[in-house]
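> Below, each chain spelled out in residue letters.
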Amino acid sequence: MAEIKESFFSAEGIDKRLNGKKFWKVMMTEYWIPKDINFLWAMGVVLATTFAILIISGIFLLMYYKPDTALAFDSVNYTIMQDVAYGWLFRHMHGVAASVVFLIIYIHMFTGIYYGSYKKGREMIWLSGMLLFVTFSAEGFSGYMLPWGQMSYWAAAVITNLFAGGSLEAYGLVEWIRGGFAVGDATLTRFFMLHVFLLPLVIIKLIVVHFYTLRIPHVNNQNSEDIDYDAEAEKYLAGNKKEAKVIPFWPVFLSKDFAVLGLFLIFYFYLVFFNYNFAMDPVNFDPANAMVTPAHIYPEWYFLWSYETLRGPFFDMFGMKAGDIGLMIFGLAQGIFLVFPFLDRDPDVLPAHKRPKFFIWFWILIIDLLVLSVYGKLPPTGANAWVGFYATAVFLLLWATLPFITKSDAKARGAL
Amino acid sequence: MSQTNRRDFLGMSFAAVAAVGGAASLVGMKQAWDPLPSVLAAGFTTIDLSNIDLLPGIPKTFTWRGKPIFILELSQAMLDDATKAGLPKDYHLTIGDKSYTVVVGLCTHLGCIPAWKKDMWKCACHGGEFNSSGKQTFGPPPKPFVVPPFKVEGTVLTLGEDGPESKAMIAARA
Amino acid sequence: MREIKIFIVVAFFTGALYFGVEPYAHTQLHPHVEAPDYTFSDVDGLKGKTGNVAAGADLVASNCTACHSIESAGFPALMDDASNAAAYGVVPPDLASAGKLYDANYIAAFVRDPASAALTSHKFQDGATHPMPSYNWMQDQEIADIVAYLQSIAPKEMSNKEVFVEACQRCHSIKYGDFYGGSMAAKTPDENIKSYMGKIPPDLSQFIRSRGEHYLHEFINNPQKHLEGTAMPRVGLTLESEKQVVEYLTEVGDSKKAQRESLGGPFLGYLVIFAIFAWLWKIKIWRQVH
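Protein chains in written order, with numbering that gives the first Met the number 0: chain A, 0 to 415; chain B, 0 to 173; chain C, 0 to 289.
No lab work stands behind these hints: they were computed from the structure. Keep in mind that a hint or two might mislead.
As the list claims (entries may be wrong) - With a straight-line cut-off of 20 Å between C-alpha atoms, the simulated EDC-like cross-links for lysine to aspartate or glutamate are: (1) B/K66 with A/E168; (2) C/K186 with C/E165; (3) C/K122 with B/D118; (4) A/K119 with A/E224; (5) B/K142 with A/D323; (6) B/K59 with B/E128; (7) C/K4 with A/D35; (8) C/K281 with A/E224; (9) C/K174 with A/D73; (10) B/K121 with C/D177; (11) B/K166 with A/D73; (12) C/K255 with C/E165; (13) B/K142 with A/E168; (14) B/K66 with A/D184.
Fair warning: this is a prediction, and the values are worked out from it, not measured in the lab.
Chain A extracted, bound-state conformation (with noise of 0.2 Å):
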């Protein structure tokens, strides 16, 4: 046995017990960073913030919720919102952050895409990543469900529909996930189940992985440079600060995060106070009707560009019935980020702009998802039907071109 000489009551015998030095030295002051970066960077450590927003928010939330049919509208938006507290401000931090972390995964997400993060060696973390966005995206969805409103009953009514598969007719399985023919409290009271205790836990342990997984090929930079960190690490330590490549997580890359953050919080609590109906549709203030469809029923923002997909397709083709279509499509936009590494062909880690067709092919990816999202939100109506048409096929196209532009800009550079 490794005998502890020094007192439990002491520093040094607490510190030995705990390897608190050691620690500290390995996950903050000698975890290394490049010191080539910018404020993108810093939408890890607002995420975990945002996300620790949510718990918290949460927590309060779930003393008051009573998850039921005939007691959940009431029990939010009477109890919570104008009895308890601050309510109504854990119910407007809740909804909001639950809102705006979809922006920062955006921008999070992107910054990957633009600078090559996900590549020779970071396969890992792009797919930690995206795994967090398809449970973050279903931990969304079963929220929303809580408030019981409106829009919570015919949203869940139908996306549940969807897993008939389209002419599979597979209403089985729709009623097995409902718990019911229809939408109803045994569909609520798993979805609670699911968003206060099931997805959370995946959640956490797949933002342990992420943070694993980054540590091993090291976080990117601006220019994509492959940094000796040993050597960098040394200069550091020897005192040389202002020419090493790399800085320590604490406290200095976590200072640029606190101040980023600073300015987050004031972006963010400005839309909890003045400006929130974003985040909180008023027709989720109507109860839940099942009798009574509402004029217009549409996701939450972010979900909005892949809605779109779904309803894209309006016609028969190919011998397919559009809804058919619209749903292998709709599919087919949930997963097809995750497999981005290995569609991407180019050996480099490079920034989008020292890729000269991969930054076309960026931009145009931006505008497109800009332009579903937007008519996502439209009655898809005239015009508009159109637009939704043709911007699903370029949102196609864009993935089936991926590969060959990529391998283009690598044989232009001699990598390939």
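Dock chains B and C against the given chain A, drawing on the hints supplied.
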């Protein structure tokens, strides 16, 4: 040598036993997720067509399994339209000299509930239209209204289980 | 410099997304309607006549009190709410506050022809009649007299809740107004209002949040504008009374509004200080490494 074989065999058998236990647990868990027997049992609704103040040409809405059910006694004009449109006789439910449309009132596009507008159902979500026989006539809906499973005894409909009439109506829409 | 450029790009796309999905989509999903008209210029109720209060008192006593109570003028309700609802379809309003709540021009037009003024003529076809008969056989002067009398007996001040109770609660419940006591249920029982209106009018507890002040003013002033064919009558509220209704809906549906608005400023002020300290510390730390 023989010892290693015995150990391998024992290890593999142990793994198999554990796997069987795991699979059985998953089956049990799947069943815990199933709709409750009380929910399934509540899935039967009876409607007596002679007792619900039905006026020809004006539909009424009932609830079955949480879904709206449109029941419409077709007026002569509506029946003439149906014949003109070439719809087979089995498209409607016929009891005595009356013909009825009996359908689940959910738009076959994305599940919104269409509203009755004088002589047809119009869906506010994306503009789909269904005629008085429940057939889609305009817009994105790909199919006519779904016919629910039902049995007929005299004028009493029991929704929840297929009968010859509902089966014929479903076949007429294929 | 480069970081500022990157920030501008991110802000631009975020702003474009927000604009498209929120303000722009809103204009497409909720087309513009005409501004509310509190003069009710589509009807000419008073026809230029000035009413005589004493004459009006006699007319009201002999024509109106058979169905309408005026508790404050010695005309109590003849039946309880449930019986009234069963008889008329809906509980008839007490007329004590009518002169304050509703526009004079509107009241005159309503008395002359209720369904017309309330814009609900589409409900009364094929033999169906409004529970209140038309008084178009009266002289224009008599109708003006009735309006003058109602204005004379009306209270000078009413609380927001009183306005709601008199103008809305016969048909609409507002559960959150008395969540545990239940006193803010609709005065007309559900079965009666359902057969009279076609469906149970919605509970208004969260309407300030689901509809918002702007929509509510447009809607109450003329329900047909936003919901063509609706069974809800135009009730003829003056702008002042309508504002009181909206304020009551806010008191009940968004009671923490004042706290939210007053806390927001200082909270953000604190965060600005936090951000300043965070940036100063970042600059200090990074000075060593640049």
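> Please go over all the hints and tell whether each is borne out by the structure.
Quick rundown of the hints versus the structure:
1. B/K66 with A/E168: holds, 17 Å
2. C/K186 with C/E165: holds, 10 Å
3. C/K122 with B/D118: Holds, at roughly 18 Å.
4. A/K119 with A/E224: Status holds; Cα separation ~12 Å.
5. B/K142 with A/D323: Roughly 13 Å between the alpha carbons, so the hint for B/K142 and A/D323 holds.
6. B/K59 with B/E128: This hinted pair holds, its Cα atoms lying about 18 Å apart.
7. C/K4 with A/D35: holds, 16 Å
8. C/K281 with A/E224: At roughly 24 Å apart (the allowed maximum being 20 Å), A/E224 and C/K281 break the hint.
9. C/K174 with A/D73: holds, 10 Å
10. B/K121 with C/D177: Cα-Cα ~39 Å, so violated.
11. B/K166 with A/D73: Outside the cut-off at roughly 43 Å; violated.
12. C/K255 with C/E165: The hint is violated at about 25 Å.
13. B/K142 with A/E168: Roughly 13 Å separates the two Cα atoms, so the pair holds.
14. B/K66 with A/D184: holds, 15 Å
The structure fails to meet hints 8, 10, 11 and 12 from the earlier list, while all remaining hints are met.
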